[in-house]
Every structure is written in structure tokens, then in C-alpha cells.
Amino acid sequence: MQFDSFADFINMGGYAFYVWLSFGVSFGLLFMLTLSSKLSLSKVKQDIAKQTKREQKLKEAAKMQKAAKEVTHES
Amino acid sequence: MWKWLHPFANPEYTYHFTGKIKPWFSWASVILLIVGMVWALLFAPADYQQGDSYRIFFLHVPAAILSLSLYTAMATIAFCGMVWQYRMADASSAAIAPVGAVLTAIALFTGAAWGKPMWGTWWVWDARLTSELILLFLYLGVIALHNAFEDKQLAGKAAGILSLVGVINIPIIKYSVEWWNTLHQGSTVTKLGAPEMSMDMYLPFVVCLFGFVCLATSLICTRFQTELLARNKMRPWVRKLVEEETK
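Sequence order for the protein chains is A and B. So the first sequence is residues 1 to 75, counted in the numbering used here. So the second sequence is residues 76 to 322, counted in the numbering used here.
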């Protein structure tokens, strides 16, 4: 252990501002990058799921329409 | 002999392979970064000239090393993609660029915060600092080009050309401290042969460096998976996978 007390550690030999600024900004940026990477992966999955659902609905609607047309033709 | 590489040309196989290796890198990065940072902040001895301000080194140097090596990797991939028409090259280039940009920003910022107490200024327009700033702009250009076109293949081609042109900057950054008189000190740890550092500073640095490498790898894995899904969203395997996961 290089420091005698906790206050001594926070003080960083007089360079507290620069050292903690560097560590804060660096890990802040890395944290934000990690979060945004995870969020964008789940967002892509959600978008694809939505698109699949929409396409299925359109397909079903087209089928119903076709069936309805056939019924009217027969009568 | 190279047959084992063939399945990696298949996006589905590569997606699952990436998912398998990702947690290993994530956990390794958490452990290595905690150990490395505690070691660097609490147990490494203070520098005899710079006192405790030199502890910024444990962030600055790993970020700077990675900013260069990630760019080199990105450009190599772009080259391979262009020559052999490797389909997933664009996806990996798009995955690497944001991670490289953030690490470059960290290297620049910590450099400024270290320069202020040691050199008396946040910024000087000298060779090393300016060329590293250009690296940041190159990364931002690659990211912007990837997002600039509706057609992802066209976007990948444009971004690939920019990253290949930008490679010229890499040796300039690396050797700027030798070619020009700069305020920035010469390399201490990336020299061939023995590092010019005492072991009780060098060992925590190595731990931090590997922590950064693992973190960057796991982030690139996540972003690569995102890119693969987005680029293959019409394919049945993606539909099936998403359906199973969002149930």
C-alpha cells in the first residue's frame, strides 16, 4: 500500500483533480459504450421481431381477402 | 489444412461462435480491470519525478495502444473484404470503429489531463498529439460512412476505402516521437526487448492492458452480433433466432 490514509489516497499526492478526472471520464465513456452496445443489440432483435409480426399479419390479411373473394364468386 | 476456417464464412455459425466467446472476454475484462486498477492506484510505487500523477499512465497507454491496433485490424479486415469479397468484413469493420473511437478519445483526454500538471498545458499542436487527433477523425469518418448510405454494402465499401487510406497515419503516430521533436515522451513499454520500467510498475500495466483488450473484444463481439443480425434480417435463421429469444 502506497498511501497512509484514505484522505491521502484521494489526494493523490496533490494531483487528485487530474487523476480522478481521467479515471472518471475514461470509465464513464467505457460504461456508456458498453450500455449502448447492449441496447443496440436488443433493439435490433426487437425491430426484427416487430417486422416478422407485421409481415405475418399482412400475409394473413391477404389470405382472408382471397378467401372472401372466392366466396363471393361462388355465390 | 485451412478447412477449419470455412464454417466462419457462414454468418449463422459466426454469430453463435461470437456469442460463445463473448462471456469469457466480458468476465476476464471485469476481473483484470478491477485487479489492474486497484494495483495501479494503490500498490504501484509513485514515480520519482511525476509523483502520483503518473497513475494516469495505466489508462492512457493501454487506450493508446489499442486505438492503434484496432485501427490496424479494421484496415486489414477492410483490405481482405475488398480483395476476397468476404461478406462479413463490413460488419466487423462497423463493429470495431466505435470501440476504437472511444479508446482514441480516452487516450486523448487522459493525455490532456496528464499534460496539464506535467507540461503545464492541456494541448499542444505537436506531432504525436495532432496525429492521434487525426486518428479520432478517421474513426469518426468510418462510422459516419457506415451510416451514410441506405445500401449497407455500398457504405461498407466507402468506409473500407477511407480506413485503407487512413492507414498511412498509423506509422506516423507510432514513430512521431522519434521523427520529430515533440513534447510527448518516447515509448517506454512498446519497445522491443526489455521495457524501460521497473517491474512493480510494469506488471500492473500488463494486467490493465489485458483488461482493456478483453473489454474491447467483448464490446466488439456484441456490436458484431448486432451488425450481423441487422444485415441478415431477411434470412430465416435470424427470424427463427429472434422469435425464440423474444418469446
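For the record, the hints were derived by calculation from the structure and aren't laboratory data. This structure is a prediction, so every number in the text was calculated from the model and none was measured. Wrong hints could be hidden among the right ones.
As the list claims (entries may be wrong) - Pairs of lysine to any residue residues, derived as SDA-like cross-links and limited to a Cα-Cα distance of at most 25 Å, are as follows:
#1 A:K38 <-> B:N85
#2 B:K95 <-> A:L58
#3 A:K43 <-> B:T292
#4 A:K53 <-> B:H91
#5 B:K97 <-> A:L39
#6 A:K38 <-> B:K95
#7 B:K227 <-> B:Y90
#8 B:K308 <-> A:F9
#9 A:K57 <-> B:K308
#10 B:K308 <-> B:T89
#11 B:K95 <-> B:I106
#12 B:K315 <-> A:S42
#13 A:K57 <-> B:N85
#14 B:K308 <-> A:L41
#15 B:K322 <-> A:F31
#16 A:K38 <-> B:F285
#17 B:K227 <-> A:A49
#18 A:K50 <-> B:P86
#19 A:K38 <-> B:R306
#20 B:K227 <-> A:L39
#21 A:K59 <-> B:R314
#22 B:K315 <-> A:L58
#23 A:K43 <-> B:L316
#24 B:K232 <-> A:V44
#25 B:K315 <-> A:L29
#26 A:K38 <-> B:V288
#27 A:K50 <-> B:T292
#28 A:K43 <-> B:K191
#29 B:K315 <-> A:A49
#30 A:K53 <-> B:D226
#31 A:K59 <-> B:K97
#32 B:K191 <-> A:F9
#33 B:K95 <-> A:K53
#34 A:K38 <-> B:F100
#35 A:K43 <-> B:Q228
#36 A:K57 <-> B:K322
#37 B:K95 <-> A:F31
Claimed, not checked - What the simulated footprint calls covered on chain A by chain B, stretch by stretch (three residues with Cβ under 8 Å from a Cβ of chain B suffice, anywhere in the stretch; the number is not a length):
#38 4 to 10
#39 24 to 33
#40 57 to 66
Idealized CB from N, CA, C, for every residue including glycine.
Quick rundown of the hints versus the structure:
| no. | hint | verdict |
| --- | --- | --- |
| 1 | A:K38 <-> B:N85 | 23 Å, holds |
| 2 | B:K95 <-> A:L58 | 36 Å, violated |
| 3 | A:K43 <-> B:T292 | 21 Å, holds |
| 4 | A:K53 <-> B:H91 | 24 Å, holds |
| 5 | B:K97 <-> A:L39 | 16 Å, holds |
| 6 | A:K38 <-> B:K95 | 16 Å, holds |
| 7 | B:K227 <-> B:Y90 | 18 Å, holds |
| 8 | B:K308 <-> A:F9 | 51 Å, violated |
| 9 | A:K57 <-> B:K308 | 18 Å, holds |
| 10 | B:K308 <-> B:T89 | 15 Å, holds |
| 11 | B:K95 <-> B:I106 | 19 Å, holds |
| 12 | B:K315 <-> A:S42 | 15 Å, holds |
| 13 | A:K57 <-> B:N85 | 30 Å, violated |
| 14 | B:K308 <-> A:L41 | 13 Å, holds |
| 15 | B:K322 <-> A:F31 | 29 Å, violated |
| 16 | A:K38 <-> B:F285 | 22 Å, holds |
| 17 | B:K227 <-> A:A49 | 21 Å, holds |
| 18 | A:K50 <-> B:P86 | 22 Å, holds |
| 19 | A:K38 <-> B:R306 | 17 Å, holds |
| 20 | B:K227 <-> A:L39 | 21 Å, holds |
| 21 | A:K59 <-> B:R314 | 16 Å, holds |
| 22 | B:K315 <-> A:L58 | 19 Å, holds |
| 23 | A:K43 <-> B:L316 | 14 Å, holds |
| 24 | B:K232 <-> A:V44 | 23 Å, holds |
| 25 | B:K315 <-> A:L29 | 34 Å, violated |
| 26 | A:K38 <-> B:V288 | 18 Å, holds |
| 27 | A:K50 <-> B:T292 | 30 Å, violated |
| 28 | A:K43 <-> B:K191 | 41 Å, violated |
| 29 | B:K315 <-> A:A49 | 10 Å, holds |
| 30 | A:K53 <-> B:D226 | 24 Å, holds |
| 31 | A:K59 <-> B:K97 | 37 Å, violated |
| 32 | B:K191 <-> A:F9 | 20 Å, holds |
| 33 | B:K95 <-> A:K53 | 28 Å, violated |
| 34 | A:K38 <-> B:F100 | 15 Å, holds |
| 35 | A:K43 <-> B:Q228 | 21 Å, holds |
| 36 | A:K57 <-> B:K322 | 17 Å, holds |
| 37 | B:K95 <-> A:F31 | 22 Å, holds |
| 38 | 4 to 10 | violated (count 1) |
| 39 | 24 to 33 | holds (count 5) |
| 40 | 57 to 66 | violated (count 0) |
Checked against the numbered hints given earlier, this structure breaks hints 2, 8, 13, 15, 25, 27, 28, 31, 33, 38 and 40; the rest are met.
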